[in-house]
Amino acid sequence: MRIFKRRPRIPKELLNRTPPTEELIRGIALETSFDGRTVLKGVDLSVLQGEVFVILGPSGCGKTTLLRHLSGMLPPTMGIVQLFGRDLYTLKGKELAEMRGRMGFSFQGGALLNSMSVLENVSLPLHESSRLAPARIERIAKLKLDMVGLLHAAQLSPSSLSGGMKKRAAIARAMALDPELIFFDEPSAGLDPITAVEVDNLILKLNKVFGITMVVVTHDIPSAFMIADRMIMLSEGRILARGTPDEIRENKDSKVQDFIHRALPAEEQRSGGLARFLKT
Amino acid sequence: MEALSPDLQRLLQQASIEDRHAVLDLSAVEAFDSAGMAFLIEALQEAKAQEIDLRLVGVRPSVSDFFSLVGIERLLVPDKTAPKRNFVERLGDKAIPVIERVGAGKDLLLEAAQTLVDSSTGGRRSGKGRFFLELEHTGIGAIGIVGLIGFLLGLILAMQAWVQLKVFGADKYVADMVAVSITREIGPLMTAILVAARSGSSIAAQLGTMVINEEVDALRQMGINPVRYLVVPKVGALALATPCLAILFSTIAIFGGLLFGVFVVDLGWQVYIEATSDALQAGDILGSLLKSTVFGSLVAFVACSLGLNVKGGPVGVGKATTGAVVASIFLIIVFDAVFVLLLRVGA
Numbered sequence: 001m002r003i004f005k006r007r008p009r010i011p012k013e014l015l016n017r018t019p020p021t022e023e024l025i026r027g028i029a030l031e032t033s034f035d036g037r038t039v040l041k042g043v044d045l046s047v048l049q050g051e052v053f054v055i056l057g058p059s060g061c062g063k064t065t066l067l068r069h070l071s072g073m074l075p076p077t078m079g080i081v082q083l084f085g086r087d088l089y090t091l092k093g094k095e096l097a098e099m100r101g102r103m104g105f106s107f108q109g110g111a112l113l114n115s116m117s118v119l120e121n122v123s124l125p126l127h128e129s130s131r132l133a134p135a136r137i138e139r140i141a142k143l144k145l146d147m148v149g150l151l152h153a154a155q156l157s158p159s160s161l162s163g164g165m166k167k168r169a170a171i172a173r174a175m176a177l178d179p180e181l182i183f184f185d186e187p188s189a190g191l192d193p194i195t196a197v198e199v200d201n202l203i204l205k206l207n208k209v210f211g212i213t214m215v216v217v218t219h220d221i222p223s224a225f226m227i228a229d230r231m232i233m234l235s236e237g238r239i240l241a242r243g244t245p246d247e248i249r250e251n252k253d254s255k256v257q258d259f260i261h262r263a264l265p266a267e268e269q270r271s272g273g274l275a276r277f278l279k280t
Numbered sequence: 001m002e003a004l005s006p007d008l009q010r011l012l013q014q015a016s017i018e019d020r021h022a023v024l025d026l027s028a029v030e031a032f033d034s035a036g037m038a039f040l041i042e043a044l045q046e047a048k049a050q051e052i053d054l055r056l057v058g059v060r061p062s063v064s065d066f067f068s069l070v071g072i073e074r075l076l077v078p079d080k081t082a083p084k085r086n087f088v089e090r091l092g093d094k095a096i097p098v099i100e101r102v103g104a105g106k107d108l109l110l111e112a113a114q115t116l117v118d119s120s121t122g123g124r125r126s127g128k129g130r131f132f133l134e135l136e137h138t139g140i141g142a143i144g145i146v147g148l149i150g151f152l153l154g155l156i157l158a159m160q161a162w163v164q165l166k167v168f169g170a171d172k173y174v175a176d177m178v179a180v181s182i183t184r185e186i187g188p189l190m191t192a193i194l195v196a197a198r199s200g201s202s203i204a205a206q207l208g209t210m211v212i213n214e215e216v217d218a219l220r221q222m223g224i225n226p227v228r229y230l231v232v233p234k235v236g237a238l239a240l241a242t243p244c245l246a247i248l249f250s251t252i253a254i255f256g257g258l259l260f261g262v263f264v265v266d267l268g269w270q271v272y273i274e275a276t277s278d279a280l281q282a283g284d285i286l287g288s289l290l291k292s293t294v295f296g297s298l299v300a301f302v303a304c305s306l307g308l309n310v311k312g313g314p315v316g317v318g319k320a321t322t323g324a325v326v327a328s329i330f331l332i333i334v335f336d337a338v339f340v341l342l343l344r345v346g347a
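If you read the sequences in order, they're chains U and B.
Under the numbering used here, the first residue of the first sequence carries the number 1, and numbering increases by one thereafter.
Under the numbering used here, the first residue of the second sequence carries the number 1, and numbering increases by one thereafter.
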């Protein structure tokens with residue numbers, strides 16, 4: 001019955017709150033290496049309650065690894081992750097399970113269980129961590145599916161969904177336990193621009209209506225600037241820039257500007273270096 | 001560098017004697033394909049190695065366009081060869097993955113035991129459903145093949161036994177021979193091997209694919225323990241299905257032997273059935289059940305452990321699947337030997 005013990009969620013507009021400043025996630029000096037290759041080189045960040053926080057960066061810059069650290073899937077080699085004021089990687093058993101119940105995760109490929117229907121996928125977390133009657137669970141799951149516009153696909157198998165539908169189904173599943181926080185791994189990757197915008201809108205809508213804190217990892221620049229309240233830009237395992245989208249746009253760092261304007265860095269615009277070998 | 005043409009080698013040789021300068025005239029070359037580009041890079045590399053200043057003339061725009069796609073400086077760095085590893089290091093390279101796999105299996109065993117003991121892990125309402133689903137896959141689905149193989153092996157065994165026994169005029173012992181060898185040894189063993197090939201491979205492939213698709217991560221993220229959710233029902237189902245299948249196998253095999261005994265050896269129904277029931281002791285059947293339960297759980301554990309530890313994409317799934325079948329069959333034989341030692345030789 002954990003679902004009902006939690007405080008009911010009231011739309012932000014109704015509460016007329018001032019912008020929240022409470023820190024939900026804090027990452028301190030995160031460092032990670034795999035097989036001697038350093039992926040993150042000292043990352044500090046904090047995510048505030050109720051905001052859409054975007055981690056932007058090129059492929060292979062360590063952003064998915066960072067997301068896995070923040071969501072409790074992979075402990076960093078060094079550093080501390082605090083979630084809701086608790087040190088995430090010291091939690092065990094019940095406490096960890098409870099913490100997991102407060103967050104959802106939308107995987108890049110959806111990660112829906114292929115052996116069950118979309119509806120069963122969304123119901124699964126409810127079946128596993130609540131004692132609600134099956135009929136009520138189904139009603140909740142259908143509610144979540146309707147929220148992401150997938151009610152018509154409830155009985156389909158995940159393998160018959162399109163890329164955009166899979167992502168939306170994954171979001172519905174992440175929403176199942178009324179989380180306070182949702183992590184998104186590349187929500188617009190592999191989607192056409194129109195569908196990507198739809199997914200972005202959905203993230204914003206859920207953030208506005210339910211006040212859910214969103215942590216989004218993406219390499220999609222337009223999408224990042226559209227949804228972010230605050231963002232960090234990651235490059236080669238370090239934070240290159242941080243701030244609101246406007247502050248990032250104003251950032252003078254040439255690497256930041258190159259990435260935003262999708263230009264190749266100066267050193268990459270090479271002529272091939274053949275000139276050195278030509279006889280003049 | 002054997003790939004260099006003799007002409008070029010001569011050019012470089014000459015240069016190395018003279019003033020360490022050489023010029024490669026490319027003006028007659030109209031077009032380069034990839035092999036030509038590679039040749040050019042090899043030439044420059046070789047010249048660099050011999051500290052010769054090799055310069056190019058008559059390079060066409062198409063060639064310099066091509067080199068705008070690559071960084072020639074990076075390509076000229078000589079290939080690194082991995083340092084040769086000595087015997088002990090190579091032995092370690094082979095042994096460490098095996099030890100890691102055994103370690104992973106042990107961890108899984110402990111975790112599964114823990115989840116069974118720990119009742120606080122919450123809603124296991126759907127656990128029963130998954131257990132019966134697995135039972136249907138691994139047990140009911142295997143009835144056909146287990147029955148068929150059992151019948152044929154019973155028949156074959158009766159034939160082989162008869163050929164030997166009739167020499168001594170001991171035809172009527174065909175029934176005893178078939179009953180005892182099937183129930184004690186061949187029934188549990190063949191069933192376990194069939195289960196390993198049929199269900200072990202499928203479990204490893206299924207779990208491996210789930211790992212690759214991040215489905216296992218998703219379960220964990222939803223607060224669902226993948227060991228409890230995936231492993232426990234599978235192990236439970238195989239631990240129950242395998243002894244049932246072994247009994248089925250043995251029964252049908254004895255029936256196969258009976259058909260041969262009655263219609264070829266001409267023993268008569270009643271004689272054969274009486275001989276069979278005299279030959280079999282309760283201990284044989286109990287031992288067979290016990291063995292099969294252990295074999296079944298073993299197959300499930302090995303397959304789950306390898307499946308959940310898949311790394312490296314589809315190739316990893318393939319390796320895990322093969323590994324699951326090979327390792328389970330090997331372990332089945334080892335455990336079988338231990339059983340025989342404890343139950344027969346020791347007693």
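Don't read these hints as lab results, they were simulated from the structure.
Source: prediction; values computed, not measured.
Beta carbons: idealized from backbone N, C-alpha and C, even for Gly.
Careful: at least some of the hints might be erroneous.
To be verified - Partial chain U-side listing against chain B, Cβ under 8 Å, derived:
(1) S71
(2) A97
(3) A111
Claimed, not checked - Dumping the calculated DSS-like pairs for lysine-lysine here, alpha-carbon to alpha-carbon at most 25 Å:
(4) K92/U x K106/B
(5) K106/B x K94/B
(6) K94/B x K311/B
(7) K94/U x K128/B
(8) K94/U x K106/B
(9) K255/U x K41/U
(10) K142/U x K128/B
(11) K205/U x K142/U
(12) K319/B x K48/B
(13) K205/U x K41/U
(14) K311/B x K172/B
(15) K94/B x K84/B
Here's how the hints hold up against the structure:
Below 8 Å, beta-carbon pairs count as interface contacts, and S71/U has one with chain B at about 7 Å; its hint therefore holds. With a least beta-carbon distance of about 5 Å to chain B, the hint placing A97/U at the interface is held under the 8 Å criterion. With a least beta-carbon distance of about 4 Å to chain B, the hint placing A111/U at the interface is held under the 8 Å criterion. With a C-alpha separation of about 20 Å, the suggested pair K92/U and K106/B falls inside the 25 Å cut-off, and the hint holds.
Between the alpha carbons of K106/B and K94/B the distance comes to roughly 19 Å, so the proposed pair stays at or under 25 Å and holds. A C-alpha spacing of about 17 Å is found between K94/B and K311/B, which places the hinted pair at or below 25 Å, so the restraint holds. Of the pairs offered as hints, the one joining K94/U and K128/B holds, with about 23 Å between alpha carbons and a cut-off of 25 Å not exceeded. For the hint linking K94/U to K106/B, the alpha-carbon distance of about 23 Å falls within 25 Å, and the restraint holds.
Of the pairs offered as hints, the one joining K255/U and K41/U holds, with about 18 Å between alpha carbons and a cut-off of 25 Å not exceeded. Taking the CA atoms of K142/U and K128/B, the gap is near 24 Å; set against the 25 Å cutoff, the hint holds. Between K205/U and K142/U the CA atoms are separated by roughly 18 Å; this keeps the pair inside 25 Å, and the hint holds. For the hint pairing K319/B with K48/B, the CA-to-CA distance comes to about 43 Å; that exceeds 25 Å, so the pair is violated.
Distance restraint check for K205/U and K41/U: the Cα-Cα separation of roughly 34 Å exceeds the 25 Å cut-off, and the hinted pair is therefore not satisfied. A distance of roughly 56 Å separates the Cα atoms of K311/B and K172/B; the hinted pair therefore is violated under the 25 Å criterion. At roughly 15 Å between alpha-carbon atoms, K94/B and K84/B fall within 25 Å of each other, so this suggested pair holds.
Hints 12, 13, 14, counting from the list given before, are not met by this structure.
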